[in-house]
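Those sequence lines, one after another, are chains Z and E. Residues 779 to 920 (the working numbering) make up the first sequence, in order. Residues 13 to 572 (the working numbering) make up the second sequence, in order.
None of these hints come from the bench; they were simulated from the model. Even glycine gets a Cβ: it sits at the ideal position worked out from N, Cα and C. Heads up, some of the hints might be wrong.
Said to hold, decoys possible - Below are the EDC-like pairs computed for lysine to aspartate or glutamate, each with C-alpha atoms no more than 16 Å apart in a straight line:
| hint | chain 1 | residue 1 | chain 2 | residue 2 |
| --- | --- | --- | --- | --- |
| 1 | E | Lys113 | E | Glu449 |
| 2 | Z | Lys855 | E | Glu143 |
| 3 | E | Lys525 | E | Asp561 |
| 4 | Z | Lys855 | Z | Asp827 |
| 5 | Z | Lys855 | E | Glu141 |
| 6 | Z | Lys825 | E | Glu143 |
| 7 | Z | Lys825 | E | Glu139 |
| 8 | E | Lys446 | E | Asp279 |
| 9 | E | Lys113 | E | Asp196 |
| 10 | Z | Lys861 | Z | Glu905 |
| 11 | E | Lys446 | E | Asp278 |
| 12 | E | Lys225 | E | Glu449 |
| 13 | E | Lys113 | E | Glu169 |
| 14 | E | Lys192 | E | Glu544 |
| 15 | Z | Lys825 | E | Glu141 |
Unchecked claim - Quick list of the computed label-pair ranges, beta carbon to beta carbon:
| hint | chain 1 | residue 1 | chain 2 | residue 2 | range |
| --- | --- | --- | --- | --- | --- |
| 16 | Z | Arg917 | E | Gly536 | 53 to 59 Å |
| 17 | E | Gly119 | Z | Glu836 | 48 to 54 Å |
| 18 | E | Ala513 | Z | Lys861 | 38 to 44 Å |
What the hints assert, rightly or not - Covered, in the sense of this in silico footprint (three residues per stretch, anywhere, with C-beta under 8 Å from a C-beta of chain E), are these stretches of chain Z:
| hint | region |
| --- | --- |
| 19 | 829 to 838 |
| 20 | 842 to 853 |
| 21 | 864 to 870 |
| 22 | 903 to 914 |
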Amino acid sequence: MTITATIPARVLVTKIGLDGHDRGSRIIAAFLRDAGMEVIYTNPWQKIDSVVELAMQEDVDVIGISSLATDHLLVPKLMTALKAVDLGHIRVIVGGIIPDEEEPALLEAGVSCVFHPGSGREEIVAEVERLARAATSDRPEE
Amino acid sequence: MNKIDKTQPQADRASAAAEWKRGFDAQVASNKPIRNRSGIEIQPLYWPEEGTEPEYDEKLGFPGSGPMTRGIYPSMHRGRTWTQRQLIGLGRPEDFNERIKSILKSGASALSIIPCNSVYRGLDCDEVEPELLGTCGTILNTEEDMDIALRDIPIGELSIGLNDPNPFVMLAQMLVVAEKRGIDWTKVTGTSNQSDYISHFVANHMFYRLSLKGARRVQMDTITYLAEHVPNWNALSVVGQHMQQAGATPAQAMGLTLSSAFQYADDCIERGMDPEKFLERFTFFFDISISFFEEVAKFRAGRRIWARLLQERYGVSNPRAMRFKFHGQTSGVDLTRQQPLNNVARVAVQAMAGIFGGLQSLHTDGYDEVISTPNEAAAKIAISTQNILKHEAHLCDVIDPLAGSYYVETLTDQMETEILAVIADIDAQGGMFKAVESGHVQRMIGQSALAFQDAVETGEQIVVGVNAHVEQEDASARPSLERPEQDWMQGQVDRLSANKAARDQDAVAGALKNLRETARSKDGNVFGAEVEAVRAGVTQSEIIAALRDELGFGQPLVVA
Chain Z
779 MTITATIPAR VLVTKIGLDG HDRGSRIIAA FLRDAGMEVI YTNPWQKIDS VVELAMQEDV
839 DVIGISSLAT DHLLVPKLMT ALKAVDLGHI RVIVGGIIPD EEEPALLEAG VSCVFHPGSG
899 REEIVAEVER LARAATSDRP EE
Chain E
13 MNKIDKTQPQ ADRASAAAEW KRGFDAQVAS NKPIRNRSGI EIQPLYWPEE GTEPEYDEKL
73 GFPGSGPMTR GIYPSMHRGR TWTQRQLIGL GRPEDFNERI KSILKSGASA LSIIPCNSVY
133 RGLDCDEVEP ELLGTCGTIL NTEEDMDIAL RDIPIGELSI GLNDPNPFVM LAQMLVVAEK
193 RGIDWTKVTG TSNQSDYISH FVANHMFYRL SLKGARRVQM DTITYLAEHV PNWNALSVVG
253 QHMQQAGATP AQAMGLTLSS AFQYADDCIE RGMDPEKFLE RFTFFFDISI SFFEEVAKFR
313 AGRRIWARLL QERYGVSNPR AMRFKFHGQT SGVDLTRQQP LNNVARVAVQ AMAGIFGGLQ
373 SLHTDGYDEV ISTPNEAAAK IAISTQNILK HEAHLCDVID PLAGSYYVET LTDQMETEIL
433 AVIADIDAQG GMFKAVESGH VQRMIGQSAL AFQDAVETGE QIVVGVNAHV EQEDASARPS
493 LERPEQDWMQ GQVDRLSANK AARDQDAVAG ALKNLRETAR SKDGNVFGAE VEAVRAGVTQ
553 SEIIAALRDE LGFGQPLVVA
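Extracted from the complex, chain E is given alone in its bound form (with noise of 0.2 Å):
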């Protein structure tokens, strides 16, 4: 750790310590003691003896304030564990309502929706070559698909994470059906978890359906427009995930999306949103990869670095506007093909990364991710992986429990400078935005996909399975696949076209008329178009192309 002048005054840590406990005990309902197997009593929180250790009080600090190093809330898991927020997406809107009320019971919080390729794509279902549909998500066309999706569900009362790209049309649709169900808007409550358009640019060019311009325009409107009347909904998600997936190193990829979450935070600026109350509901989605210290320090540098830079930016003073909430989603890209029931042990590794850095939500990965969409047996026994390091492995009991290791808190330092350095060199291409519009971003994770590549290649990072340790497969251990039959398939396009028969033809073609011109209008509200665009029926497929029309729809940038 780094000298520190002695003869600066000391943070009073004894009534920082008190703070923290009063905002613990308001957290905490009741406070069971914990005792380990020997008879132990565990602490909710370890920290250094006053007059030990100066610079804790302001690198560390305690949970819930200050550089919220240790956490964002008071009393972190100890308190209220992280969400499961499993992502699930398969076949027919009925097939995924019963697939979600599975994974439900057995224990998962929060619900999570994952769309077929061809709804990424903006097609609908009567659009695409039909082996392609329903493999990888759920078809969601139109409101009555979505209503299918969430029957029995009790919208409002569950968080629903949307992975719905700008435009949004799937939000749009569950406000419509939410509205039909008298459930009052401001009672829903959620993420928009695809909702950041600069990583799709970048690194997920399968969310990428308008034009980089366009993408803004909208993304702004609807942020404007949820504020306003769905304001428990966080309307954006700042995507770390893909630039990491896609090669980024994760230091890369948290400095990336801290300059994403600044251009963001500068354009609400732009509209006359107060910092203070629109960065609450900013939320994060990082890859948690297997380099387990580096993934943690991450985590605890990414949290402190925002905090400080919103004060330092932008003059925020609210801790709610500084906390930084964040999914994590376990790396597919370190998951083998070889000996695949390998991967329950790698999930449960980076899991732990992500648990330690003070996740709010958590997805792991099925084992089999690797060799097809994953199964419900795989995608039980990741929920049961989070259950089992929860309950089993007392992962909850203590919050920031490898703070003031020698090695984490350096790292978390070392992690911080690199950061830092990403940030600066983004800041210096003019922001985020003009750092992906000209390529600068793509050719950074381009050379670092393939150095780690090149790593494994020599064998200076050991695969297990694949470059060390081979073993003979064992066959048995293949997951079985699972794929939507096709006349189930047929089934959607019938109800499809039913649906559109039954429309009324004026409403739609007003609707759509009205969304065209609001796009081109300077003022309008392009997501406010939307959600009318869906009470009058129109498709997803209708709405986007009408967009696309509008705004304009450009290819990714080809970085080679």
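Only chain Z is shown next, with the shape it has when bound in the complex (with noise of 0.2 Å):
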């Protein structure tokens, strides 16, 4: 299959858990959405099963959570429960205040990458049409 320039890449930003922090959500979505991607804002504190529902209707390529305070935990269930929706091609990408010794965990579980504080503009929107293009190409065939 073949990708097209003309098609953009769908991101959902989100918070999962109790933080409401969410300066850096807002930002990085401007930024998408400024780069010419269709982005979907949601309120902060998510369900697990509403992030794998709002994926599923909005047919998104990437996910982003940001976490400002210990949500991160919680993105390994996430990740199981994508996959058991057969929504393992969509990319999961985790910012914000990650401490070093739990960055393995979440890349174990299967997220693509984390950006920590003083991450750029042009180095966000790289990576995330890199990894928008990757779920594209991996997507099951309908």
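Dock chain to chain to rebuild the complex, using the hints, since each chain is given by itself in its own frame.
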């Protein structure tokens, strides 16, 4: 299957768990939107099930999880839930306050990459575009 | 500085100075002369000679009176230095108790309690994914938890700050603990630090638990209740910190915070309260960024505007009511994950800006805040930073030491103009409540956040270690991660279920019914009903769920 550049990447930017600090997620959403992507943005405190459901309904390529206060510890459960409904092709990115010690567990669970404070616009946009293309080529045939 | 009409009669500076000195002497028990290393005696205050700088009296005056620009008390830090109020919260109530005792030993003079994020969301520990429990704050679900957290802590002798958003269940728990220990509520002092529901709706959704209208009702009930029963408690801390952390510029954050304060004052007046009285218990909470002079000018201008507009808007004449008391917290947004030890220097500069801005209490961030919840070693460095600034650098010797600088005074005037423009904009929206209901304020903050990020991206704003002076990382500088152990949390969940089982179930049901009926009624006091519910053993989640049911839960407005 071929990918045409005219189809913009579809990205869900959200927060799971308990935290509500959303300066980062809003800025990321604006970056991706300004880069021409379709951004689906939600309130904080999403349940894992509702993230999976939204990802399915909106047919996204990438999910960005912003975590400032340990909610990243739930991301392995999100990865399991996505695989359980055959959405394993969706790439998941985590950004925010992620301690070094806890990053390997996220990558092992299947997270594509982790962005820390100080990451720049170009770097983030390029990586999301790359991951969206990868997700599209891995998408199961209908 | 602006020109002034020399034909105008000038205020009598000598008598104002004498009045200030009387106030100073009354506040400072023993005014031992202070000499610097060269032997020069350092006076507590410096001001221009009689007959010079005619605008001084009108714009600056003397600390503790008049325009208040130079500080809200005659003696300021020379008399009593700022309160070292470190935010602490970790794990189970007993973990908090152990940590707070150690922090008090190392020089903190007041305490502050941060609850677990599950508490912020109004959930008890048996309703939350266990990996999220106690990682950012202490689990406080019942009066029993609060009692353990405050074991051996003399409530009433120590000022206590509660990070306790609307509907203020932690405060109800603490009052019941005090009552059981036989401590008179009139002796209880401290502040509800996270009591500004407007700031939560706008910029810190984490703390946002009821609908905007419901939160307004509970806010006013609480202020009324505390004015009557806990008169030394600061029921309201108007928060500019969240808005600045969310992206507002320092001038916007000050303007929006003052607009919120006017909204609260209007609401209190509508309840028939006397501004000369209730304003004495208003306090503020601000972010201190690393933009050093801008922050100093922000605080000086804010203090002057508050005192003046209270006179203009409400006819306030009681100087105690005009005091712009504020807590400052160094800005986490300025800290970098790269070369984290550099953050120690950043925090020191931020703290200096707050001190020269005339703050009453200060929290310095741990250098590791950008990596994880601060560990104990980082928290101790943060306190040492305050002690170094106070004792080694002698920053407390002179009141408002930057006054009279051409730059600082000009900038203070310019910040005042910017802040007043924000206040006028919010007034034109019909006040702060309406301006946040419509999303106007959220849009303003979002645009500023993006503009700042762009400045970092383009390199216009240099951030050392991020977009300039990037160094090889020293892995040994990484702080170690502290996480509560999972079985500790199981113990906490077990404690809650034992606590719930041992309650008088009829009393619990009765208190919850009363709480709901009070919330439904037009004139009952919701906070009073919460205190009764805590006495009956109702948990915080049960209280908040009942109030959400009755008063609504609004999702925060998303303005991207």
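Here is how each hint holds up against the structure:
For the hint linking Lys113(E) to Glu449(E), the alpha-carbon distance of about 42 Å lies beyond 16 Å, and the restraint is violated. A hinted pair counts as satisfied when its Cα atoms are at most 16 Å apart, and Lys855(Z) with Glu143(E) qualifies at roughly 11 Å. About 12 Å separates the Cα atoms of Lys525(E) and Asp561(E), which keeps this hinted pair within 16 Å; it holds. Taking the CA atoms of Lys855(Z) and Asp827(Z), the gap is about 10 Å. The hint holds against a cut of 16 Å.
Our distance criterion of 16 Å between C-alpha atoms is met by Lys855(Z) and Glu141(E), whose separation comes to about 11 Å. A distance of roughly 15 Å separates the Cα atoms of Lys825(Z) and Glu143(E); the hinted pair therefore holds under the 16 Å criterion. With a C-alpha separation of about 13 Å, the suggested pair Lys825(Z) and Glu139(E) falls inside the 16 Å cut-off, and the hint holds. Restraint check for Lys446(E) and Asp279(E): satisfied, since their Cα atoms lie roughly 13 Å apart, inside the 16 Å limit.
The straight-line distance between the Cα atoms of Lys113(E) and Asp196(E) is roughly 23 Å, outside the 16 Å bound, and the hint therefore fails. Restraint check: the Cα-Cα separation between Lys861(Z) and Glu905(Z) comes to about 22 Å, which exceeds 16 Å; the hinted pair is violated. Restraint check for Lys446(E) and Asp278(E): the C-alpha separation of about 13 Å stays at or below 16 Å, so the hint holds. Taken as a hint, the Lys225(E) and Glu449(E) pair is honoured in the structure, with Cα atoms around 10 Å apart against an allowance of 16 Å.
Note on Lys113(E) and Glu169(E): the hinted pairing holds, with a Cα-Cα distance of about 15 Å set against a maximum of 16 Å. Restraint check for Lys192(E) and Glu544(E): satisfied, since their Cα atoms lie roughly 13 Å apart, inside the 16 Å limit. With a CA separation close to 11 Å, the supplied pair Lys825(Z) and Glu141(E) stays within the 16 Å bound. Distance hint check: the CB atoms of Arg917(Z) and Gly536(E) are about 57 Å apart, consistent with the given range 53 to 59 Å.
Against the hinted window of 48 to 54 Å, the Cβ-Cβ separation of Gly119(E) and Glu836(Z) comes to about 53 Å, which satisfies the hint. At roughly 39 Å, the beta-carbon separation of Ala513(E) and Lys861(Z) lies within the given 38 to 44 Å, and the hint holds. Interface restraint, the region 829 to 838 of chain Z with chain E: violated (0 residues with C-beta to C-beta distance below 8 Å; minimum three). Residues of the region 842 to 853 of chain Z lying with their CB closer than 8 Å to a CB of chain E number 5, which satisfies the three-residue condition for coverage.
With a cut-off of 8 Å between beta carbons, the region 864 to 870 of chain Z has 0 residues touching chain E; three or more are needed, and the interface restraint is violated. Interface restraint, the region 903 to 914 of chain Z with chain E: violated (0 residues with C-beta to C-beta distance below 8 Å; minimum three).
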